[in-house]
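K.L.:
Hints in hand, dock the two standalone chains.
For the record, the sequence lines run as chains A and B. For the first sequence, the numbering used here begins at 3 and goes up steadily by one. For the second sequence, the numbering used here begins at 319 and goes up steadily by one.
The set of hints was computed from the structure by calculation and includes no laboratory data. Treat the hints with care, as some may be off.
Result set (EDC-like, lysine to aspartate or glutamate): computed pairs, CA atoms no more than 16 Å apart in a straight line [stated by the list, open to error]: (1) A:Lys104 <-> B:Asp374; (2) A:Lys51 <-> A:Glu66; (3) A:Lys70 <-> A:Glu22; (4) A:Lys104 <-> B:Glu391; (5) A:Lys104 <-> B:Glu377; (6) B:Lys389 <-> B:Asp344; (7) A:Lys51 <-> A:Glu68; (8) B:Lys389 <-> B:Glu370; (9) B:Lys375 <-> A:Glu22; (10) A:Lys70 <-> A:Asp56; (11) A:Lys63 <-> A:Asp87; (12) B:Lys327 <-> B:Glu426.
Not the full set, but computed from the structure, chain A residues with beta-carbon under 7 Å of chain B [said to hold, decoys possible]: (13) Gly45; (14) Phe53; (15) Gly108.
C-beta: ideal position from N, C-alpha, C; glycine also.
Below, each chain spelled out in residue letters.
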Amino acid sequence: AQSVTQPDIHITVSEGASLELRCNYSYGATPYLFWYVQSPGQGLQLLLKYFSGDTLVQGIKGFEAEFKRSQSSFNLRKPSVHWSDAAEYFCAVGAPNFGNEKLTFGTGTRLTIIP
Amino acid sequence: NAGVTQTPKFQVLKTGQSMTLQCAQDMNHNSMYWYRQDPGMGLRLIYYSASEGTTDKGEVPNGYNVSRLNKREFSLRLESAAPSQTSVYFCASTGDQYRGGNTIYFGEGSWLTVV
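Bound-form chain B, shown alone (with noise of 0.2 Å):
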C-alpha cells in the first residue's frame, strides 16, 4: 500500500551541486505536482504535471526543472542549488488535474539543506 514514494528523504547539498528528486506513484493517476513547504508559507507549487508526456510550471519553479518519465514517475530537478532551495519538498498525486475537487495524494516529503 505505497501510494506517494519519494526518495531520498534527506539530502545536504553544497550551493551549485545538482541532485534529483525521485517520486512514483502506484495508483494510476494521471496527474503528478511537486511541492515545497517553507516554514509560515505553507505549501507552494513548483511545476505539475497534468498527464503523461505534459508538465506546467507553478507558483515557484525558478531553479528546478521536472520529468514525467511515465504515467508512475515524475522527477525534480536542482541543476544548481542555492540556500535559498533549502525547503522540505513533498510530491503528490490525484487521479485528474482538471477536477479540482479530487482528493490530492502526498508523499512524506524529501528534507533538503542546501550549505
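Next comes chain A alone, as it looks inside the complex (with noise of 0.2 Å):
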C-alpha cells in the first residue's frame, strides 16, 4: 500500500518569499500525485496533480511542485507567496489501476504568513 509524509506540520514565512513545502510517498511504480489547499473553514481544492510526462507540474495561483523519482518526492513551491496563500495544504498520493478509493492523503502542514 502506498503512503505519504508531509515531514513539516507548520512552516512560517514572510510575504514575499519564496515557498517550499515537502511531500515524500511510498509506492512501488509511480504513483499519482497531487497537491490539495485547505483555506480556514474551507474544504479542499486541487492546486496540481502529476501523472506521468514533464516532471515539473503548473498549479493554480502560482504554485507548481516537480516529481523526483529518484527522491520520492513531490515537493510544493512557490518563487512569491501573498497573504492569501496562508492555508493548509495536503498533499496526496493515489495507485494507477485503482481508484480513487485508494487516495491516500498526507498529515498536511499548515503555512503562516507574516507580513
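P.N.:
Below you can see the structure in the form of C-alpha cells.
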C-alpha cells in the first residue's frame, strides 16, 4: 500500500518570500500525486496533479511542484507568497490502476504568512 | 455555482444520539465520498459510492452508514454517536471513481462534536 509523509507540520514565511513544502511518498511504481489546499473553514481545493511526463507541474495560484523519482518526493513551491496563501496544504498519492478509494492523504502542513 | 453542498455545518450531539449528514452535488458526478479529518491524521475515507446504487467501505467505516439516495445525494448516518466520532466531515465527488487521476471536489465540511 502507498503512503505519504509531510515532514513539516507548520511553516512560517514572510510575505514575498519563496516557499517550498515537502512531500515524500512510498509506492512501488510511479504514483499519481496531488497537492490540495484548504483555506480556513473551507473544503480542499486541488492545486495541481502529476500523472506522468514532464516532472515539473504547474498549478493554480502560481504554485508548481516537481516530481523526483530518485528522492520519492513531490515538493510544492511558490516563488513569492502572498498573505492569501495562508492555509493548510495536503499532499496525496494515488495508485494507478486503482480508483480514488486508494487515494492517501498526508497529514498536512500549515502555512502561516507574516507581514 | 454550488458544487458540493453539505449540511449541517456545525452540530453538537450527545453520546448515543443519532444524526445524518446530508450531501448534494450539482456537477452530475457519478462518484461520491465521505471523509473525516482529524488533527495530525489527514483525511481518511469512511465510505464511498462509485455510482448511483452502490456503496463501499473505506478505511474507517465502523460506526457509520451511508445512503446514495440518487445521483446527486449521498448521506452519512451516525446511528449511535460516540466521542471518538468528533471530527470534521467532508463530502466529496468526482466524475469517475475508477479514473484515479480525476479531480475530487470537496464540500466545505461539517464540524461534529460528540459530548
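K.L.:
If you draw a straight line from the CA of A:Lys104 to the CA of B:Glu377, is it 16 Å or shorter?
P.N.:
At roughly 9 Å apart (the allowed maximum being 16 Å), B:Glu377 and A:Lys104 satisfy the hint.
K.L.:
A:Lys70 and A:Asp56: Cα distance at most 16 Å?
P.N.:
holds (11 Å)
K.L.:
CA of A:Lys63 to CA of A:Asp87, is that 16 Å or under?
P.N.:
Distance ~9 Å between A:Lys63 and A:Asp87 Cα, so the pair holds.
K.L.:
Under the criterion that the straight-line Cα-Cα distance not exceed 16 Å, is the pair B:Lys375, A:Glu22 satisfied?
P.N.:
violated (35 Å)
K.L.:
Given a cut of 7 Å on the nearest C-beta pair, is the interface hint for A:Gly108 held or broken against chain B?
P.N.:
holds (5 Å)
K.L.:
Straight-line Cα separation of A:Lys51 and A:Glu66 no greater than 16 Å?
P.N.:
With a Cα-Cα distance of about 10 Å, the restraint between A:Lys51 and A:Glu66 holds, given a limit of 16 Å.
K.L.:
Below or equal to 16 Å on CA atoms is what counts here, so check A:Lys70 against A:Glu22.
P.N.:
Between A:Lys70 and A:Glu22 the Cα gap is close to 14 Å, so the pair holds against 16 Å.
K.L.:
Does the interface hint hold: is A:Phe53 within less than 7 Å of chain B, judged Cβ to Cβ?
P.N.:
holds (5 Å)
K.L.:
Would the stated hint for A:Gly45 survive a check requiring a Cβ distance to chain B of less than 7 Å?
P.N.:
This hint holds: A:Gly45 lies near chain B, its Cβ roughly 3 Å from the closest one there, short of 7 Å.
K.L.:
CA of A:Lys104 to CA of B:Glu391, is that 16 Å or under?
P.N.:
violated (22 Å)
K.L.:
Checking one constraint from the list: CA of A:Lys104 to CA of B:Asp374, max 16 Å. Satisfied?
P.N.:
Since the Cα atoms of A:Lys104 and B:Asp374 sit roughly 12 Å apart, the hinted pair holds (cutoff 16 Å).
K.L.:
With the threshold set at 16 Å, check whether the alpha-carbon distance from B:Lys389 to B:Asp344 stays at or below it.
P.N.:
Within the cut-off at roughly 9 Å; holds.
Going down the numbered hints, you'll see the structure goes against 4, 9, while the others check out.
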